[in-house]
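S.K.: Residue numbers (this note's numbering), protein chains in the order written: chain P, 12 to 376; chain R, 12 to 376; chain S, 12 to 376; chain E, 12 to 376.
Derived Cβ-Cβ restraints for the label pairs, each shown as a range:
no.: 1; chain 1: R; residue 1: 367; chain 2: S; residue 2: 367; range: 19 to 25 Å
no.: 2; chain 1: P; residue 1: 376; chain 2: R; residue 2: 44; range: 58 to 64 Å
no.: 3; chain 1: S; residue 1: 75; chain 2: R; residue 2: 367; range: 36 to 42 Å
no.: 4; chain 1: R; residue 1: 163; chain 2: S; residue 2: 367; range: 27 to 33 Å
no.: 5; chain 1: S; residue 1: 77; chain 2: E; residue 2: 173; range: 52 to 58 Å
no.: 6; chain 1: S; residue 1: 324; chain 2: E; residue 2: 208; range: 55 to 61 Å
no.: 7; chain 1: S; residue 1: 320; chain 2: E; residue 2: 173; range: 44 to 50 Å
I should point out that these hints are in silico values taken from the structure, not numbers from a laboratory.
Treat the numbers as computed from the prediction; the structure is a model and nothing was measured.
The beta-carbon is built from N, C-alpha and C at its ideal position, and this holds for glycine as well.
Number of protein chains: 4
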Amino acid sequence: MAGNTFGTLFAVTTFGESHGPAIGCVIDGCPPGLPLAPEDFAHDLARRATGRSRHTSQRREADAVEILSGVYQGRTTGTPIALLVRNTDARPKDYEAIAEVFRPGHADYSYWQKYGVRDPRGGGRASARETTMRVAAAVVARRWLAETHGVRIHGHLAQLGEVVPRGFDPGAVEQNPFFWPDASMVEELEAFMDRLRKSGDSVGARVTVIAEGVPPGWGEPVYGKLDAELAAALMGINAAKGVEIGAGFDSVVQLGTEHRDEITPEGFASNNAGGILGGISTGQDIVCSVAFKPTSSLRLPGRSVDVSGQPVEVVTKGRHDPCVGIRAVPICEAMVALVLMDQALRHRAQCGDVGPVAPRIPPHP
Amino acid sequence: MAGNTFGTLFAVTTFGESHGPAIGCVIDGCPPGLPLAPEDFAHDLARRATGRSRHTSQRREADAVEILSGVYQGRTTGTPIALLVRNTDARPKDYEAIAEVFRPGHADYSYWQKYGVRDPRGGGRASARETTMRVAAAVVARRWLAETHGVRIHGHLAQLGEVVPRGFDPGAVEQNPFFWPDASMVEELEAFMDRLRKSGDSVGARVTVIAEGVPPGWGEPVYGKLDAELAAALMGINAAKGVEIGAGFDSVVQLGTEHRDEITPEGFASNNAGGILGGISTGQDIVCSVAFKPTSSLRLPGRSVDVSGQPVEVVTKGRHDPCVGIRAVPICEAMVALVLMDQALRHRAQCGDVGPVAPRIPPHP
Amino acid sequence: MAGNTFGTLFAVTTFGESHGPAIGCVIDGCPPGLPLAPEDFAHDLARRATGRSRHTSQRREADAVEILSGVYQGRTTGTPIALLVRNTDARPKDYEAIAEVFRPGHADYSYWQKYGVRDPRGGGRASARETTMRVAAAVVARRWLAETHGVRIHGHLAQLGEVVPRGFDPGAVEQNPFFWPDASMVEELEAFMDRLRKSGDSVGARVTVIAEGVPPGWGEPVYGKLDAELAAALMGINAAKGVEIGAGFDSVVQLGTEHRDEITPEGFASNNAGGILGGISTGQDIVCSVAFKPTSSLRLPGRSVDVSGQPVEVVTKGRHDPCVGIRAVPICEAMVALVLMDQALRHRAQCGDVGPVAPRIPPHP
Amino acid sequence: MAGNTFGTLFAVTTFGESHGPAIGCVIDGCPPGLPLAPEDFAHDLARRATGRSRHTSQRREADAVEILSGVYQGRTTGTPIALLVRNTDARPKDYEAIAEVFRPGHADYSYWQKYGVRDPRGGGRASARETTMRVAAAVVARRWLAETHGVRIHGHLAQLGEVVPRGFDPGAVEQNPFFWPDASMVEELEAFMDRLRKSGDSVGARVTVIAEGVPPGWGEPVYGKLDAELAAALMGINAAKGVEIGAGFDSVVQLGTEHRDEITPEGFASNNAGGILGGISTGQDIVCSVAFKPTSSLRLPGRSVDVSGQPVEVVTKGRHDPCVGIRAVPICEAMVALVLMDQALRHRAQCGDVGPVAPRIPPHP
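For reference, chain P alone in the conformation it holds in the complex (with noise of 0.2 Å):
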């Protein structure tokens, strides 16, 4: 398959450059009879919007959201959910000093190498500003696994360069412009923020999904296991450089006595695993982390080549986030409900003939 569809049987197509005239998608696949209305993008959208707080990008869109097919009278139809929304922020003349000229760490230098043409707007293509689909999309996902099966996807900033949170509270994390799970440290954060915009230098991020309610049984052996699926959702994300499932880089240094997480007919005794054994779910809690480079859009100057391959000294003006990693965690939540919902229908397709399957052990608390 060609590269912008994410899903085999709940198949996301977007499509839209940062700086163009509008970026949009294609649900396809999509269960029939399910309630769906503009209103219900908004809130997930915000949650992933720049221009929030002063600790994000400036930029602001209303990320209004159109449908252009797909649902009839209020519900979905199952045929492809289109939905559009228009870029009103745009400012593509604030990239014209670098559209000759490669930024160190973006795509410029690989995209050009690959289609001998670019479109410099803003990253074009390559911009965070194509994952506003993702989120869309994964709102249609997000209802149909918490309504069909209860299944409840939620994300934390679990560090932010050095810092890590020393309680973790989820109510916290939507108080906060951090998704922070410690109220305690917000004050600290905005400091440290503030003091990061200033110097005009970005950080580096840790966010952590976990997904509950999964039942055990989903997942596809041996190419198309959950966690490899997982791994790749949000590997994909712009910026991301690590994905963990459970212990991850942790049980590199575990014994075999203490990783394998031990089953009693109370329930899991642990969850190292992450909710996942040879690929596929077993009813314990997803949890998976990202690492989140530093942004490199940076307005301290740094070198580099033009297309003509003469030195230059790049500084990025645009409008840029000191830390990526804030927004990407509804962005994770998003890959981890797309993931979960594709899986879900794949299970289904081949396993439903098999009745509920004994014995059934509750999740490690």
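Go by the hints and put chains R, S and E onto chain P.
M.R.: Frame of chain P, contents of chains R, S and E only:
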């Protein structure tokens, strides 16, 4: 696609259970005219095989490859290449005791929940025995990549439990049973592994793979990114729990000015990106690391339940690796090769009209 | 893959309902650097459009194409090309009377059974309105095929009810509203169509498409055969009931000595194969024919049932074609173009290493 | 996808050459729990096999199926089912004389042009020997379709050259070597075939397949239509030149009032649609017909060229069918079964939430 095929254009379908009559694969989409003979598989299969040192499982398989199709007069014809390997040291009886029990940390429970039935003989399809065919298929991919583009792929063990290499000598890697890049530490590792094996426990490991010579331009944005597909390919290996590209999780604490790889006419100034920007190769080395959990098959007893939900104590007999991460080195290389091969063909399909693109930036040495 | 994407590498995803707000498509995998502007679509969309003569449906759509993405400074960039066409002459109210009724010969009943819900406005997704986007996407494919390989694709009406062309003049086809290759018969056809329209009935037709200049070697045995994919592409057009390649059903009564196309150094002695052997192009003209059923939307009453199972008499109002086969000519050309484009890219992917192969046999004139 | 895999969810990958060591297939995505044993394949493979009467090729293959994987204790486990059939009556030397020659009407020239290399032994991969594995894979599909949905698929020869059945008795079809539905004509056919064989020539045929019991709702609009996929599946059989659904090419001369199948509460009044409307099954019989060309392998000399472009006279020795259409009957059935199986799983994936939908219209008897 159903889950036992890997790749879009260079598509590898594997089959077979650990203790069934045979394992095998079908490689579809291979370019015609490539020299190929049964003996070409011996070297790489031996690197992956068990029973070559006391530090791996003592199962001894001949791993003799029969080419059933797709080769005529010693060259590939463009039709599917089927490879067959008979299992010669299978011992299904070893698993009778656990046929009704879910081994902790194994796929037993998740397969049971998905399919309502499972082949308990050594993990059946979930066994790493399947990876034999990944390595075999990658022999073909590596040859084409080397002959056509000069790509070379090599891996090493980058961590074994708490132990990390003190030096790095690429020439040492193939000279010891641990794929360890520091020859001076081999005795230390042997002692460590001997103690571990005697204890009955197991330990995790980290593997790093480097692909040199990959030209810029391979990879398909947005959902077929080269790093996303590497992440899936590597996370889909048995026991993998984490994947990093380039700086990986270290980028969480980096600043933008540190991480972005500056560009000079003489070459990239660093390679934090691991050779990929925007999902497309830059011409720098592709660098990936994988975390492997400690084997869950242990002769130290663990708590579990049986198929009727009753608590049991599980002791795994069979023959197992005290550190599966060691033999994972050639498997990781194989998965990187399969991803690169597929992306190379996909790139040629879409961008075969694009001639050589200037400027070319040399990789960071 | 979900059902609204056509093609593997040159992948076209369409969306939209007949009387919804818009229709559109996303073309993924297009080679970069191809010139493309909104006005390039006008000619082919006009050939397919209704309302251009009294012999087709009187719905009048502007069919103005907006390019939303994938084009920068007048050239394709290799990223997805999204095309949007607003519906401007939709009349959903025309269909209120039949919202609860299954029109005989239509997809009403089958959609209802599949989805449990349907959009009754003019057939919704099942309407031939969707084929606008196939023709639009094929504009891009045809340009690449022509510029890169000199491929030319042209169709004509080969039968209208009982009437067959007496002569064959390729130059005549575009000079009359029937795509008829014999100018001397146009008046006769007009009279026939006028009588038919007045009677309230409809009639079937046969369309033939010829692709000239296709090089030998395109097509993927065994399940991706060029003729198999053409058959799917053409049978998937609304109202199609049969597909032939080359001699088609006439080959049932042929002898082997008659049918096999002998080869001489000067060229093939005949073209019963229709340019394809073993699923791969031979360099001869690709020749396909398609049977179209008569429109089922008639103002002559027919028996049916409503959604509660009660018998009803159905009279279709709306605006309809007395012979849908006529306007199917450019749609058939489009589908042939899309198949060839995709196969061209797939061939290049696998066999790009194979140089020019001798001997080349010229096509039968 | 590369070209040797058929199906999306029930995916069958075949391999092997006509005179290579073996042929085989991998069936991925099969529902678990289905009973399966090697002897289950015997009946259908015998129906397709050569050498069972003097009217087919005299190659005699045992067609013994070995199940290599995916079955445990007599039931499918959900993992890939690999089937292997050794070629036991291969005679590669028969083809030495034509190794440098392109047989007219064969895939020799087109393979040569595509790959620059070809396996000349009996057509290699282009031989109908490959269809053995389609029939084998379909044994699994037919069993699931019958057990789960009561679907029954049966084909017959509907025309042999100019000869058409005068009567139609379903019970007669399996009682003669021609799959002919009129027992009174068998002697006539034998005489006809004897004359044809002695003449050294061959003749075309038409095969019709009917699938009874398919529930309404299977098929994926717009590009995954049930009829479109049947067309591809059937046109992809060796020697197929045309495909019809329902009234097929007869619909060209029908009026709308004739063709549309009226609906009554007692059932459909006719079945011109062949059981499919808008690409989705209606619950009526699925009816398809396929045109097969006469075999091109003849001992009557034909003109061709050799690989250096020089004119030659070709006489095919080997062992061949004077009418390939006869043995195509079980192959056509198999392809219909594979399409239905895949669509059944895809339907369940997307529309498994949709309960039984009223009203259900009985099929036309």
